[in-house]
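Student: Sequence:
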Amino acid sequence: MFKSESTKLRETAKNWLYHAGKVYHFRKDRLSDSDVSELLRRSEEVKAGMKDKSESSDNRLRSSIESLKEHMEQVGGNYYPRGSMAENVEFFFAALIIYVGFTTFFIKPFKIPTNSMWPSYYGMTGEVYADEDEKPNAIEKAFRFVAFGAKHYEVEAPASGELLIPMVKTGSGSYRLFERPANVKRYFVMNAPGVERVLYVGKESVSFKYPADFNMDRQVLLPLQEADEESPFDRLLERGSLNQNAFAGTANEVVYDPRSGRNVNVTVHLLRTGRQVEAGESLLSFDLMTGDQLFVDRMSYHFVSPKVGDGFVFKTDTIPSVAEDKFYIKRLVGTPGDRVKIEGTTLYVNGEPATGSVAFDKNSKMQDNYGGYTTMKGRGPLAVDLSTEQTVPERHFFAIGDNSHNSSDGRVWGYVPPDAVVGRPVMIYYPFTKRFGLAQ
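Numbered according to full-length UniProt numbering, the sequence shown spans residues 1 to 440.
Just so you know, these hints were derived from the structure itself, not from any lab.
Incorrect hints may have been included.
Stated by the list, open to error - Mimicking DSBU-like on lysine-lysine, the simulated pairs with C-alpha atoms at most 30 Å apart in a straight line are:
#1 108 - 151
#2 169 - 377
#3 8 - 69
#4 47 - 8
#5 14 - 47
#6 69 - 111
#7 111 - 135
#8 14 - 3
#9 377 - 326
#10 141 - 69
#11 326 - 185
#12 28 - 14
#13 362 - 341
#14 209 - 141
#15 209 - 135
#16 362 - 326
#17 315 - 326
#18 185 - 135
#19 209 - 169
#20 53 - 8
#21 315 - 185
#22 69 - 47
#23 28 - 3
#24 377 - 362
#25 151 - 315
#26 434 - 307
#27 185 - 141
#28 53 - 22
#29 315 - 434
#30 362 - 434
#31 209 - 151
#32 315 - 377
#33 69 - 51
#34 108 - 209
Using the sequences provided together with the hints, build the complete structure.
Tutor: Here it is in structure tokens:
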């Protein structure tokens, strides 16, 4: 607003010269010699007008800009004039290239889906509303969605009658909850792996979907049981010894069979709950809270070696026992040549209690919701048994979750090769909770 008209005119002229340069470089092999010469001549006139500071120079500069513009309209092809759509598409792809390059070499956003690093980092968690008065209203839902990434789930009874839970009989004769694979929307657009659960009221059913990485049983169902609330799930703990008297009959559900490539019918057994509900009554109400979202530093490990205690992000496509192409985050507990062992709840590295992270000490003392370390391991040939001291191989790393009771990590699938290493977390940037800030 403080610039003179003459200054603004010369800035406009500079912009027109930029467009003329694009037309010249991208179209000169398609234009006649005379058209190219005319484009260069009129561009030079604009340049001369920009340098002229006399009183009448502004009018001549405007005239030369109009002359250049008219010629570009004749010879510009797809490069001039350009519609707003073309400009927006060009801008989008330029921004995308910059984003991909930046996240590939410098800082990568990373979202934690599971709770293997809890409570250092949170994965998706569920907040259950057992009472009607606790449920958020529309304004609270909107606030929680923006601040915490919370998505509200409300499952209502499709009819009046007894609430029934569909279960599937396993080969061992016990029962498990029925679920089927489903797609859920990520960022409201992209399909992502999910799970669909079904509830019955009499012969009517209602279903709901949620992300596959969310542990519904642990995060939503178990708290209801511990709260001693009458719920659809108050008999699930007995499912290993259920008999036919516990069921109200059977029903058929359709499940996609990837082996045959088609849908198949599955018989489900409807478990009685004893809970009578009215049509429209809430069967289940909870918020699914997004996992912590981090910025991961991809540069440092090109200059410094990873250290025990670092948050450790790596890809799994080169780890044979994982057989997934994903990014994992664990705690680095062993570098090449380190000796690692767990005794009781304490992790030992090279014969001493591990240092380098507050998670080591808190797990050892079982403080602040840290549950202590455990030697749980997988059964595969690459599993690592930390009940005895293990030496990390050369050019490999060993990583386990801070929530070691519920973490699939190096104890299950072995060591991380160097080409799988991505970087270390530096900051939790979302959600806006007390964990916001520098990563532990």
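Student: So, for every hint listed, does it hold in this structure?
Tutor: Structure-based check of all given hints:
A hinted pair counts as satisfied when its Cα atoms are at most 30 Å apart, and residue 108 with residue 151 qualifies at roughly 25 Å. Between the alpha carbons of residue 169 and residue 377 the distance comes to roughly 28 Å, so the proposed pair stays at or under 30 Å and holds. Proximity of residue 8 to residue 69 is assessed by CA-CA distance (about 17 Å); at most 30 Å being required, the pair is judged to hold. A threshold of 30 Å between alpha carbons decides the hint, and for residue 47 with residue 8 the separation of about 15 Å falls inside it, so the pair holds.
Of the pairs offered as hints, the one joining residue 14 and residue 47 holds, with about 8 Å between alpha carbons and a cut-off of 30 Å not exceeded. Annotation: proposed proximity of residue 69 to residue 111 is violated, straight-line Cα distance about 49 Å (limit 30 Å). Straight-line distance between C-alpha atoms of residue 111 and residue 135 comes to about 27 Å, which keeps the hinted pair within the 30 Å bound. Of the supplied pair hints, the one linking residue 14 and residue 3 holds, its CA atoms being roughly 15 Å apart against a limit of 30 Å.
Pair hint residue 377 plus residue 326 holds up; C-alpha atoms about 21 Å apart against a cutoff of 30 Å. Between residue 141 and residue 69 the alpha-carbon distance is near 53 Å, which puts this suggested pair outside the 30 Å criterion. Pair hint residue 326 plus residue 185 holds up; C-alpha atoms about 19 Å apart against a cutoff of 30 Å. Proposed proximity of residue 28 and residue 14 is supported: the alpha carbons are some 20 Å apart, at most 30 Å.
For the hint pairing residue 362 with residue 341, the CA-to-CA distance comes to about 17 Å; that is within 30 Å, so the pair holds. As the CA atoms of residue 209 and residue 141 are separated by approximately 19 Å, the hinted pair is consistent with the 30 Å bound. Distance restraint check for residue 209 and residue 135: the Cα-Cα separation of roughly 20 Å lies within the 30 Å cut-off, and the hinted pair is therefore satisfied. For a cut-off of 30 Å, the pair hint linking residue 362 to residue 326 stands: about 28 Å separates their Cα positions.
For the hint linking residue 315 to residue 326, the alpha-carbon distance of about 6 Å falls within 30 Å, and the restraint holds. Of the supplied pair hints, the one linking residue 185 and residue 135 holds, its CA atoms being roughly 24 Å apart against a limit of 30 Å. Between the alpha carbons of residue 209 and residue 169 the distance comes to roughly 22 Å, so the proposed pair stays at or under 30 Å and holds. Distance check on the hinted pair: residue 53 and residue 8 sit about 14 Å apart at the alpha-carbon level, within 30 Å; holds.
With a C-alpha separation of about 24 Å, the suggested pairing of residue 315 with residue 185 holds against the 30 Å cut-off. Annotation: proposed proximity of residue 69 to residue 47 holds, straight-line Cα distance about 14 Å (limit 30 Å). Between residue 28 and residue 3 the CA atoms are separated by roughly 36 Å; this puts the pair beyond 30 Å, and the hint is violated. Proposed proximity of residue 377 and residue 362 is supported: the alpha carbons are some 21 Å apart, at most 30 Å.
For the suggested pair residue 151 and residue 315, the alpha carbons sit about 28 Å apart, so the restraint of at most 30 Å is met. The suggested pairing of residue 434 with residue 307 holds, with an alpha-carbon distance near 26 Å, which does not exceed 30 Å. A threshold of 30 Å between alpha carbons decides the hint, and for residue 185 with residue 141 the separation of about 18 Å falls inside it, so the pair holds. Taken as a hint, the residue 53 and residue 22 pair is honoured in the structure, with Cα atoms around 27 Å apart against an allowance of 30 Å.
Using a Cα cut-off of 30 Å, the hinted pair residue 315 and residue 434 holds, with the two alpha carbons roughly 28 Å apart. In summary, the hint linking residue 362 to residue 434 is supported, as the alpha carbons are separated by about 18 Å, within the 30 Å threshold. Between the alpha carbons of residue 209 and residue 151 the distance comes to roughly 12 Å, so the proposed pair stays at or under 30 Å and holds. Between residue 315 and residue 377 the alpha-carbon distance is near 20 Å, which keeps this suggested pair within the 30 Å criterion.
Simply put, residue 69 and residue 51 have alpha-carbon atoms about 19 Å apart, close enough for the 30 Å limit, and the pair holds. Only pairs whose Cα atoms come within 30 Å are accepted, and residue 108 paired with residue 209 is accepted, the gap being roughly 29 Å.
When held up to the earlier numbered hints, the structure conflicts with 6, 10 and 23 and fits the remainder.
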